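Engineer: So you can see what is in the structure, the chains are spelled out below.
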Amino acid sequence: MSLMTIIVKMSEGLGKTCAIFFLTLIFAIPLGMIVALLRGSRFKPVSWFAKTYISVLRGTPLMLQLLAVTYGPYYLFNISVSRNKLIPVVIAFSINYAAYFAEIYRSGIDSMPVGQYEASQVLGYSKIQTFIKIILPQVFRRILPALTNEIVTLVKDTSLAFTVSYQEMFTIGKQIANSQTSFVPFVVAGVFYYVFNVIVGFVMGRIEKRMSYYKM
Amino acid sequence: MSILEMKNIEKSFADNHVLKGISLHVDKGEVVSIIGPSGSGKSTLLRCATFLETIDSGVISYDGKNAAETVNGKCTYAKNLNDFRHIFGLVFQNFNLFPHYTVLKNMMDAPVSVLHRDKEEVRAECIALLDKMGLAEKANAYPCELSGGQQQRVSIVRALAMQPEILFFDEPTSALDPELTGEVLKVIKQLAEEKMTMVIVTHEMAFARAVSDRVIFMDGGVVVEEGDPEEVFGNTQSERMKQFLRNYDRET
Ligand SMILES: Nc1ncnc2c1ncn2[C@@H]1O[C@H](COP(=O)(O)OP(=O)(O)OP(=O)(O)O)[C@@H](O)[C@H]1O
Ligand SMILES: [Mg+2]
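In order, the protein sequence lines correspond to chains A and B. Take the first sequence: its letters are residues 1 to 216, numbered as in the numbering used here. Take the second sequence: its letters are residues 1 to 252, numbered as in the numbering used here.
Okay, chain B solo, but in the shape it has when bound (with noise of 0.2 Å):
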């Protein structure tokens, strides 16, 4: 069964007609990339998946129980929304870890006080967490100590220490300077190999290619090719996707 499901999402800022009845499911243990030219709407994708931003239309559906559906062209939104959002974590680009808290407090303090889990278990997992990704004596750091990368990959485990089922990225390294953009590849990779069901949007084309168990090559709003990564990336049908790669290997 599908993690997340979808379906013909439509979404408009004002009149910019932004999503144009896009659908996408991932099944447990999956790792989907979405790439595509800027402005194409893979931020607002994840964002309505998120419910950072309401859909005009479509349905949106985590473990099948529909989170957003709309009947009769109108939208709603399920009145448990919070329940749906343990399900899914979200690692933004520029990481929005909360400055005022240390490492471990970032991590431990929405296990405690929004699923209200007993604090010494999670400070526990916390803790193994962090040794487990090599940040164990960045612990009492607070995040203005860190490096980008480090920042990173601590919202990372921020964001496992929810234990979601799925992991959103939104570009997680384009805000790093290229140096460090490998510590954090390297987490997102160890995450695949353990079987974490994430959705990765990058423009990290040699990352997207070796990760992902499926790629969606998004442009103005809808999908236009989507597949394995080596049927996408080496065997691509579209036009627009050869432009794309073609801009991209001019540009790196």
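Chain A extracted, bound-state conformation (with noise of 0.2 Å):
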């Protein structure tokens, strides 16, 4: 198989690479930020809940998440395994993000300084609006940076949804490299996470730039 052979069948599977990857950020993000508010609740159980599916899925392998997730439902309820692989390994991706996304958004806010909330509160504005417009703000402004590393981590991890047979870009390579013997599919799956990420990298520069019109 020449090489532009294995790169066309490989791209074919682009198109699902970046739909794990879009539809992981849409999810994943604001459900994070559910995560963190559930996480900082006052209310016990609550709090408790959240800190353990934090725990539990920053503590254990995405690689088993996307088993669980996809073939549990086979397990446990007989529920024949979906033919469209997209929805479990999205909700596994998204659940899983979900929480590295928790962290980091705890993270921001537990650095947003007292003051701005003392000032809304004496400004009349309600929790909500200061959460929307005063503290959310200033914490994706400040979080940016380990969320750009959590996004280049996920561009990466796409490449697990071969565990479960998913005709992503990775797994169609995976399956080339076995059938051909050859290691050129590696090579070329590295060089388009490289040039994904490099495009990831931009972006998240230029939003990071256009956040950054003032100082904290």
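There's no promise every hint is true.
[Said to hold, decoys possible] With a cut-off of at most 25 Å between alpha-carbon atoms, the simulated SDA-like pairs for lysine to any residue come out as follows:
#: 1; chain 1: A; residue 1: K127; chain 2: B; residue 2: V122
#: 2; chain 1: A; residue 1: K133; chain 2: B; residue 2: K138
#: 3; chain 1: B; residue 1: K79; chain 2: B; residue 2: L115
#: 4; chain 1: A; residue 1: K215; chain 2: B; residue 2: P178
#: 5; chain 1: A; residue 1: K209; chain 2: B; residue 2: C144
#: 6; chain 1: B; residue 1: K119; chain 2: A; residue 2: I128
#: 7; chain 1: A; residue 1: K133; chain 2: B; residue 2: Q93
#: 8; chain 1: B; residue 1: K105; chain 2: A; residue 2: I135
#: 9; chain 1: B; residue 1: K105; chain 2: B; residue 2: K119
#: 10; chain 1: A; residue 1: K127; chain 2: B; residue 2: E53
#: 11; chain 1: B; residue 1: K119; chain 2: A; residue 2: I132
[Unchecked claim] Listed next, with one range per pair, are the computed distances between beta-carbon atoms:
#: 12; chain 1: B; residue 1: N66; chain 2: A; residue 2: P73; range: 53 to 61 Å
#: 13; chain 1: B; residue 1: G73; chain 2: A; residue 2: P73; range: 55 to 63 Å
#: 14; chain 1: B; residue 1: N140; chain 2: A; residue 2: I132; range: 17 to 25 Å
#: 15; chain 1: A; residue 1: I132; chain 2: B; residue 2: C144; range: 18 to 26 Å
#: 16; chain 1: B; residue 1: G29; chain 2: A; residue 2: S107; range: 44 to 52 Å
#: 17; chain 1: B; residue 1: G29; chain 2: A; residue 2: T52; range: 52 to 60 Å
#: 18; chain 1: B; residue 1: N66; chain 2: A; residue 2: K51; range: 34 to 42 Å
#: 19; chain 1: B; residue 1: K79; chain 2: A; residue 2: I34; range: 25 to 33 Å
#: 20; chain 1: A; residue 1: Y75; chain 2: B; residue 2: K79; range: 52 to 60 Å
#: 21; chain 1: A; residue 1: N197; chain 2: B; residue 2: A14; range: 47 to 55 Å
#: 22; chain 1: B; residue 1: S23; chain 2: A; residue 2: I34; range: 41 to 49 Å
#: 23; chain 1: A; residue 1: R206; chain 2: B; residue 2: D213; range: 51 to 59 Å
#: 24; chain 1: A; residue 1: I132; chain 2: B; residue 2: L81; range: 19 to 27 Å
#: 25; chain 1: A; residue 1: I132; chain 2: B; residue 2: Q237; range: 48 to 56 Å
These aren't lab readings, by the way, just hints derived from the structure by calculation. Because the structure is a prediction, the values reported are computed rather than measured. From the three backbone atoms N, C-alpha and C, an ideal C-beta is built for every residue, glycine too.
Assembling the complex is the task here: the two chains are given apart, and the hints tell you how they should meet.
Structural biologist: Below is the structure:
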């Protein structure tokens, strides 16, 4: 198989790689915020639940979580494995990344000076207004570098979808590598991920720049 | 009638009894300065008045309406505390401006999104206010682009934009370099001349003496002496006050 054929075949999986990537971001970014807020709840059972969630999802391999979400329903309830693996894959990625994002959000929220809350309170802002208008924009600004790190990792982690044979770029590459006993697909995959992350780095850099019109 | 009336305020942090049955009233148009040694509870008193701390017992009322009251030893706060918050403003020692908002947005946002006032009307008022304070050309600057003195003046106009009936200051010049305190004190003085009701916690004795209608000397969570500034500064009977002023003179 020529290099060109390998590249073309693997590119066909790129759409699915991107689907995992973007859908995970779309779900995990808000879900992480919810988990972070639950974690900060003064109601003990709620914060305990969120802490346990974070600790379990960060403390076990994403690969196991992928297997659990994809095949768990079958073994537990005899529900047939869904034909569109994108759904379990995105669920597994989203709940996993939400745990990481939650920790980042929490650290950002905790780093906010109490004076910002006090000034808002004295000016009569409600708790929700304070959070949305005053706290959240500054938190995002603070955590953006940490968020970028996680997003770069997410790009690479999409390759884990091969464990449930979801036909994304790396899964295809691995199949070609096996059938052709060739190392070339791995090199191609490496180049794809690298280019993907260069773009991610560029975009995040632009966002950081746009947000750094003020100093804290 | 008093705008603010605080009666028999008690406040402890764990077993640190900070306010020991302190009372304070402020009439319309009055400028009251609170002085006293570090740790005497001045900030705590202002923070209780502005609901940043909850009192253990006592009464806080604004315009004759109780915001907090104590019945049979049980202290309760009014349900509509936010309505009371519109009556006062607070200027912090370290400004607490919103760094992601421009100067104008810092001022306009609360009147518009809290008081639901007309945006254009608020804008016009805020610009006029900035103009008056000599900050007109800073309207679109971010707080980080301003000097400390300018930031504190902006935090004063931000409070004024809410059109409070009474304005509290907690050591408004303590975080500033000495050469910047003057511009902030000048603004407060100007407000005093316009009969703005103000309560000012300060270590600037000369300023307190010059600007106040009444001076309160606090020590150990109680009011030790209270009265006309000339009386309190010039002719105090209290040994603790004399000691405090001697220490102050030595430091400066
Ligand atoms: N949030 C808090 N938790 C615990 N103790 C506190 C808190 N705030 C103040 N205190 C204590 O209350 C006492 C009075 O503090 P406060 O800040 O009111 O004094 P102050 O008169 O404003 O002093 P300064 O002139 O130094 O500003 C101090 O012993 C302080 O340690
Ligand atoms: Mg203080």
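Engineer: Does each hint hold? Answer for all of them.
Structural biologist: Hint by hint, here is what the structure shows:
Between the alpha carbons of K127(A) and V122(B) the distance comes to roughly 23 Å, so the proposed pair stays at or under 25 Å and holds. Distance check on the hinted pair: K133(A) and K138(B) sit about 22 Å apart at the alpha-carbon level, within 25 Å; holds. In summary, the hint linking K79(B) to L115(B) is supported, as the alpha carbons are separated by about 18 Å, within the 25 Å threshold. Of the supplied pair hints, the one linking K215(A) and P178(B) holds, its CA atoms being roughly 24 Å apart against a limit of 25 Å.
Simply put, K209(A) and C144(B) have alpha-carbon atoms about 16 Å apart, close enough for the 25 Å limit, and the pair holds. Restraint check: the Cα-Cα separation between K119(B) and I128(A) comes to about 21 Å, which is no more than 25 Å; the hinted pair holds. Using a Cα cut-off of 25 Å, the hinted pair K133(A) and Q93(B) holds, with the two alpha carbons roughly 23 Å apart. Taken as a hint, the K105(B) and I135(A) pair is honoured in the structure, with Cα atoms around 15 Å apart against an allowance of 25 Å.
Straight-line distance between C-alpha atoms of K105(B) and K119(B) comes to about 11 Å, which keeps the hinted pair within the 25 Å bound. Using a Cα cut-off of 25 Å, the hinted pair K127(A) and E53(B) holds, with the two alpha carbons roughly 16 Å apart. In summary, the hint linking K119(B) to I132(A) is supported, as the alpha carbons are separated by about 20 Å, within the 25 Å threshold. Taking 53 to 61 Å as the suggested C-beta distance range, the pair N66(B) and P73(A) conforms, at roughly 59 Å.
For G73(B) and P73(A), the hinted distance range of 55 to 63 Å is satisfied, since their beta carbons lie about 59 Å from each other. Checked against the hint of 17 to 25 Å, the pair N140(B) and I132(A) passes, with Cβ atoms roughly 23 Å apart. Range check, I132(A) to C144(B): about 22 Å between beta-carbon atoms, so the 18 to 26 Å window is met. Remark: the range hint 44 to 52 Å for G29(B) to S107(A) is upheld by a beta-carbon distance near 48 Å.
A beta carbon spacing of about 58 Å between G29(B) and T52(A) agrees with the range 52 to 60 Å that was offered as a hint. Checked against the given bound of 34 to 42 Å, the beta carbons of N66(B) and K51(A), roughly 41 Å apart, stay inside it. Taking 25 to 33 Å as the suggested C-beta distance range, the pair K79(B) and I34(A) conforms, at roughly 29 Å. One distance hint, 52 to 60 Å for the beta-carbon pair Y75(A) and K79(B), holds here, with the actual separation near 53 Å.
Against the hinted window of 47 to 55 Å, the Cβ-Cβ separation of N197(A) and A14(B) comes to about 51 Å, which satisfies the hint. With their beta carbons about 46 Å apart, S23(B) and I34(A) fall inside the hinted range of 41 to 49 Å. Remark: the range hint 51 to 59 Å for R206(A) to D213(B) is upheld by a beta-carbon distance near 56 Å. Between I132(A) and L81(B) the beta carbon distance is about 20 Å. The supplied range of 19 to 27 Å therefore holds.
Between I132(A) and Q237(B) the beta carbon distance is about 54 Å. The supplied range of 48 to 56 Å therefore holds.
In summary, this structure violates none of the numbered hints.
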